[in-house]
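Novice: Chain residues, written in single-letter form:
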Amino acid sequence: MYYKNIIMRRLYLILIFLNISSPLVYSQTMMGAKKYISQIEEKIRTSKDQIMLEYRLFQDRIQWASEISDSFNIDKYVNKNGGFKNNIDKINIELEYFNNLHQEYENLEYSIGVGKIEGDIKSKIQNDIFVAESKSENLIKYIKLNTENLEIENKILYELINKNTKYEYINKNTKAKPIILMPPPFPWPPPPASAEINLTEDHTYFANCKKFGDVSSIIDNALGANDYEKRYFSIPNGFAITTKLEVINEDGSSKNQPDRYDFSMNSLLKIIDIRDYLNALFFGKSGYYRSIVFIITDQPFGSSANKVSETEIKELMSKGDYFLSNEFKNNPFTINHQVIALIYEFQIKESDKLALLSPPIRLTARTHLTKSNIISILK
Amino acid sequence: MELHVCKRRIALIWIIGVLILCTILFLQTLANKHEGHINEVWGWILQCTLPILSLIIGVMTLNTFQADINPIQVDKFTFNLATGLSLIYILVIGLIILLQPFTGKPLWQLSADSNLYLAPFQGIISGSVGLFY
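Just so you know, the protein sequences line up as chains A and B, in that order.
With the numbering used here applied, the first sequence covers 21 to 399.
With the numbering used here applied, the second sequence covers 12 to 144.
To be clear, the hints were calculated from the coordinates, so they are not data collected in a lab.
Here a beta-carbon is modelled for each residue, glycine too, at the ideal position from N, C-alpha and C.
Among these hints, one or two may not hold up.
Examples of chain B residues toward chain A, derived with CB under 8 Å [said to hold, decoys possible]:
1. HIS45
2. GLU46
3. GLY47
4. HIS48
5. PRO112
6. PHE113
7. GLY115
8. PRO117
Chain B with its partners taken away, still in its complex shape:
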């Protein structure tokens, strides 16, 4: 599997995933759902996604004008691992937002609680995705 294909697929997963999450939060913000806690909620989502997304977009932008003369082949398992972990990570964040109405807790409180398990997870994802960029 060629490296530039892997990069594009991982980038698409991240961009689409983060876009969906941010759209939901944006609509919630417009509806004043997080009154008085907007900073906490947006701070949480950006902290969870922005480091990896910045890495992906930054490297891809940098490589835009570089000719890919000798395409590098990537181990399929490594790619699947990075893709799978990325999907699970974005899904977990999405579930926190989407299942919040059933929990009885506000999102700003859930997000603070989730830092405990999302932070180490983010470290693993960074290692896995960073390999491709």
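The following block holds chain A by itself, in its conformation from the complex:
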């Protein structure tokens, strides 16, 4: 055992020395891994940090390998010079790491791998391993879960998967290997809103809904009838629909086209008569923007501490999906699910460069939904 550890440490030191770009694995318990994946996410965004990241992961891997060396046979894959025997072994070695790790640590909920892969990784993935492909070239993320519980799997995956990444879910219990495409995640818990309302409290709008698809179609109809552009996001145990940021009148009604999505200061307050002019001259122009987010989930939630900005809302909208996949729509909408409408209203003043989130005292969420004609269609 002792000598085996020594040999393996040396082999890995040689690998580092040769700067071999192989799959890299890091694993921890639930809390540690969560923290670590966020660090990885940050680092892989900048390519200049890539080498340092790989080096750090290699160091972790050496320590890790020594802990599981009893069951891990590195000699099978590495030749005498310290290199991999072939490219496929780079993948096999990775998979064996996953398997051994899970056998060793019963309480380990998942392990994560990040690294560069040559060849077709998907063809070599085992049944219970998730693969997430980053948009970065050749960068790949592996996730293996120990749990059989789909709900927990979804929660963990939601936290792990990069916002811009689709993942392929391969269920080991079914031969068909279904692919479930989840919408990109919405910031969770959601940022504090200007106003909010629980639409399920009325027991009228969504009483007959059985699936996510039913809820989605009701909201879609209401939004579509009022010419709202929308995007879909995933949230824990549910999904979110966001509307594109629009310019609204002071009473909460939507502006008519083409002013609805014109965020220039001139469109906010058009000067028609002398009263408008004097108002603009002495008080300055101001305007209101609004985005509505429908949250459908059975998980209780509050607000995050981070206030969202007008720019972030605009950016978020561009990342959402245009529609929900049929598989996702088939998820059950249970009695525990709630439909919450969060209103993000921003006020911009002439003297400000950026719009600020309106305080919750201006208009209620019901007023917003009534003035935008959404409530009337929901009924």
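Since chain A is already given, all that's left is putting chain B on it; use the hints.
Specialist: Chain B in isolation, oriented as in the chain A frame:
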């Protein structure tokens, strides 16, 4: 045309003009139109008008008790030039303030942009008006 008459007329143009401009800005400040940018806006208007206005008022105050025994005659064209340039200068500043609601830009931003063309203009005005004082 007598010099002391010219001085008074030019002084009146400047005092009335600056008073109107400052009153508008004062009301805007009270209405909180320039929230967070009050210093920029007032700094701009004072920088544009105060040097010439100080010259006019300072010299006129100094000459208050001096007897005007032999009135100096001034060329009418020189006086008209100084008056005309003063009026145009004050009018340009006034237009920046009054037309700002149509521009879509805040006044503090417009004022910063206007420095480019107002600064040389101010130099010409100073030369023209300074001749009388």
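Novice: At a threshold of 8 Å, is the proposed contact between B:HIS48 and chain A supported by beta-carbon distances?
Specialist: holds, 5 Å
Novice: Against chain A, run the beta carbon of B:HIS45 and see if the smallest gap drops under 8 Å.
Specialist: holds, 6 Å
Novice: Measuring from the C-beta of B:PRO112 to each C-beta in chain A, is the shortest one below 8 Å?
Specialist: holds, 4 Å
Novice: So, as I understand it, the hint says B:GLU46 touches chain A; can you test that by seeing if any CB pair is closer than 8 Å?
Specialist: This hint holds: B:GLU46 lies near chain A, its Cβ roughly 5 Å from the closest one there, short of 8 Å.
Novice: Was the hint right that B:GLY47 lines chain A, CB cutoff 8 Å?
Specialist: Cβ of B:GLY47 sits 6 Å from chain A, so the hint holds.
Novice: Verify the interface restraint on B:GLY115: the C-beta must sit less than 8 Å from at least one C-beta of chain A.
Specialist: Result: holds, 4 Å to nearest chain A Cβ.
Novice: With a cut-off of 8 Å on the beta carbons, see whether B:PRO117 makes it to chain A.
Specialist: holds, 5 Å
Novice: Would the hint on B:PHE113 stand, with a C-beta cut-off of 8 Å toward chain A?
Specialist: Holds - the Cβ of B:PHE113 comes within 8 Å of chain A, reaching about 7 Å at its closest.
Checked against the numbered hints given earlier, the structure satisfies every one of them.
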